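**Q** Protein chains in written order, with the working numbering: chain A, 1 to 401; chain B, 1 to 98; chain C, 1 to 191.
Source of the hints: derived by calculation from the structure; they are not laboratory data. What you are looking at is a predicted structure, and each value in this text was computed from that prediction instead of being measured. Quick reminder that beta carbons are idealized off the backbone N, C-alpha and C, glycines included. Be careful, since some hints might not be right.
[Said to hold, decoys possible] If you anchor each label on the Cβ, the simulated ranges turn out as follows:
| hint | chain 1 | residue 1 | chain 2 | residue 2 | range |
| --- | --- | --- | --- | --- | --- |
| 1 | C | P65 | A | H167 | 47 to 57 Å |
| 2 | A | E100 | B | Y54 | 50 to 60 Å |
| 3 | B | R29 | A | E232 | 28 to 38 Å |
| 4 | A | K387 | C | P65 | 33 to 43 Å |
| 5 | A | D10 | C | E154 | 23 to 33 Å |
| 6 | A | E232 | B | K44 | 27 to 37 Å |
| 7 | A | D10 | C | E111 | 45 to 55 Å |
| 8 | C | E111 | A | P124 | 40 to 50 Å |
| 9 | A | I125 | B | I8 | 41 to 51 Å |
| 10 | A | D139 | C | G120 | 54 to 64 Å |
| 11 | C | G120 | A | K62 | 52 to 62 Å |
| 12 | A | I238 | B | I8 | 15 to 25 Å |
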Amino acid sequence: MTAVKKIPKDDVVIEGLTGDAAIAHALKQCDVDVLAAYPITPQTIIVEDFQKFAADGEVKTKVIPVESEHSAMSACVGASAAGARVATATASAGLALMWEILYCAASMRMPIVLTIANRALSAPINIHNDHSDSYGARDSGFIQIYTQSCQEAYDTTIMAFKIAEDHDVLLPIMVCIDGFILSHNVERVEMLPDDAVADFLGIREPVQPLDPNNPITMGPLALTDYYFEFKEQQDRAIKNVPDIFKRVEAEFEKMTGRSYGMFETHKTEDADIIILTHSTAGGTAKVVADTLREQGEKVGVVRLRMFRPFPSEEIAEVVKNAKAVAVFEKCLSFGGAGNPLAMELRTALYHLAERPMVTDFVIGLGGRDVPPTTFVEGYEKTKEYLKKGEAPSYETLGVRK
Amino acid sequence: MSEKFDEIPMAGNIIEPGNAIEYKTGGWRAERPIHIAEKCLWVKNGTCGLCWIYCPDNAIRLIEKDGKYIHEFDYDYCKGCKICYTECPTDAIVMESE
Amino acid sequence: MALDFAKGITEIRWHGRGGQGVVTSNQMLGKSALTEGNYIQAFPEFGPERTGAPVRAFLRISKNPIQIYAQVYHPDVVVCIDPTLLEVVNPVEGLKEDGVLVLNTTKTPEEIREKYGFKGGKVVTVDASKIAMDILGRPFYNMPTLAAVIKATEIVELKTAIETVLERYPGKVGDLNKAAMERAAEEAKIG
Ligand code: SF4
Ligand code: SF4
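Extracted from the complex, chain A is given alone in its bound form (with noise of 0.2 Å):
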């Protein structure tokens, strides 16, 4: 491998371009061998780009249009074992429809790239951003990193090859875009060279392809005798990811100036309450953060990015000293003893002695706008709780009711 070198100004392309397109022009840019994809709103632009670049011949790659997302995930898991560099993209429904095999390639352990537009699940049909499509693959084995901004979405997809290929970890990735918020966004960005991307990721090497000159048996039976021992190993390989994922963003960064962490911390040093939440909704706390600061008040925000490995340790190592954390989450698990991103940070600081009081607050559910002033009523509401020493274990803002 050659060793990472900064990209010169000069070599940077500037263009305007919506999260899914940018998304489009890095899986372009990292030579993907095979993209099995079923369009799906609002993911669509990822597939149609993609699908004009191999009709222009500007990629190499078989692009395979498959007639689901079932299908999508199956023929990227077979792609994947034969030792392709493997993408698809989805949102909602259709994440959904993969979800067999999502399992499978999680356990296949195929490093196979899912970008994701996240978009409400049905009924009612909506096509409009929550996280409740990929919260709900939360344990399927994918990593899951959440984006703020198409630059952000354009660099974590690069990332993802290299992080998902590493032999230390070779498990499949989501990267998640907000639906329509980013998806359908034209931002400014910042793309790299062609080269410097095919140096940066280099080609894939596969552990264990399949081979007709070595063949091997994949996905075979595994019961009671040897089945726990996989999971075993597919534990140790997801708890090696944050290592190798700093790796990554270390050489990223050398090369761009750009890196973002598992999570971004914004004001939290001496906040005595602490917003977080993720995606889009972190960079609209973050102002809110801002202009309440101006104010006199004492805030910060965590922008989570990875969902999946939960970096626990490190998230309460920041919030601890807070008073109060206010979650803010677009997506309700019914019945549940706490929403998907509470429950998380909740487990996290149980260990402490001392916590921080958590909030939660249920937000944007089929895209409901969320303005800074969804922020500023739960920063209140959170406010108000620490007065009275107890909160509710969540509520839902924004909602009429």
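Once you've looked at the hints, dock chains B and C with the ligands against the given chain A.
**A** What follows is chains B and C with the ligands alone, placed relative to chain A:
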């Protein structure tokens, strides 16, 4: 079966092809198929072969040697499932208790 | 509203009908601002788009990376490219007191001010419908209205916007739009 998680191949991959041969299913057998050559179409004229087609464990060998047709069971692998016995059109296979 | 969450950001809201190209003209303005070294967000009001239905598009422009992701509630600029929409939507809703209102209309800025009781900022009117019919021969009001936006706000140079449009529509369509934009920039009335 005592290997630990890090002593077995990744993801359950079977990296030595054809290793089913190491697993002798003959031990499962409660009843043993017996061949009656006089009734067998393979032995008679080299036709039929249904038992060979249906046997799930490749435990039947149909051999052609010096113009003669020979039928053999491989009792290392025959698990006594009776499929051959059920399929045989001429009752050339009978089952005997082990 | 006391708190300003969009400091240093120019926020624009477009009104049009599905098929009239507000999403495109919004993107053209955004990409022009990008060319001139700004950070942008250009996004439509998302929904199943149907020809003729009222649609909105939003643009944020800033010298610094833009972190806020929400609809625009208090725009600095409101643009409406279809005169018939003015009976359906209220273009001054949420518009800042010192904001800019840009309308495709045959009315004068004074008449518009009176109609909406809008006292501050600027009102810009342009008969983009006539310009489009004269030059393009078809009801594409979006690019001439875009030229009026630029004249009133000076958010980007007209030259940059024309280049952006020519890049998107090379050939005859681009040339005609260029002519329409130049004429609209001349004829737009600011009051
Ligand atoms: S009993 Fe079953 S396993 Fe044995 S030879 Fe017949 S078919 Fe094969
Ligand atoms: S099925 Fe019966 S007749 Fe046919 S080959 Fe086998 S033993 Fe012979």
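**Q** Take the hints in turn and mark each one as holding or not.
**A** Evaluated hints:
no. : hint                        : verdict
1   : C:P65 - A:H167: 47 to 57 Å  : violated, 35 Å
2   : A:E100 - B:Y54: 50 to 60 Å  : violated, 31 Å
3   : B:R29 - A:E232: 28 to 38 Å  : holds, 35 Å
4   : A:K387 - C:P65: 33 to 43 Å  : holds, 36 Å
5   : A:D10 - C:E154: 23 to 33 Å  : holds, 29 Å
6   : A:E232 - B:K44: 27 to 37 Å  : violated, 56 Å
7   : A:D10 - C:E111: 45 to 55 Å  : holds, 51 Å
8   : C:E111 - A:P124: 40 to 50 Å : holds, 44 Å
9   : A:I125 - B:I8: 41 to 51 Å   : holds, 45 Å
10  : A:D139 - C:G120: 54 to 64 Å : holds, 55 Å
11  : C:G120 - A:K62: 52 to 62 Å  : holds, 59 Å
12  : A:I238 - B:I8: 15 to 25 Å   : holds, 18 Å
Violated hints, listed in ascending order, are 1, 2 and 6; each of the other numbered hints is respected by the structure.
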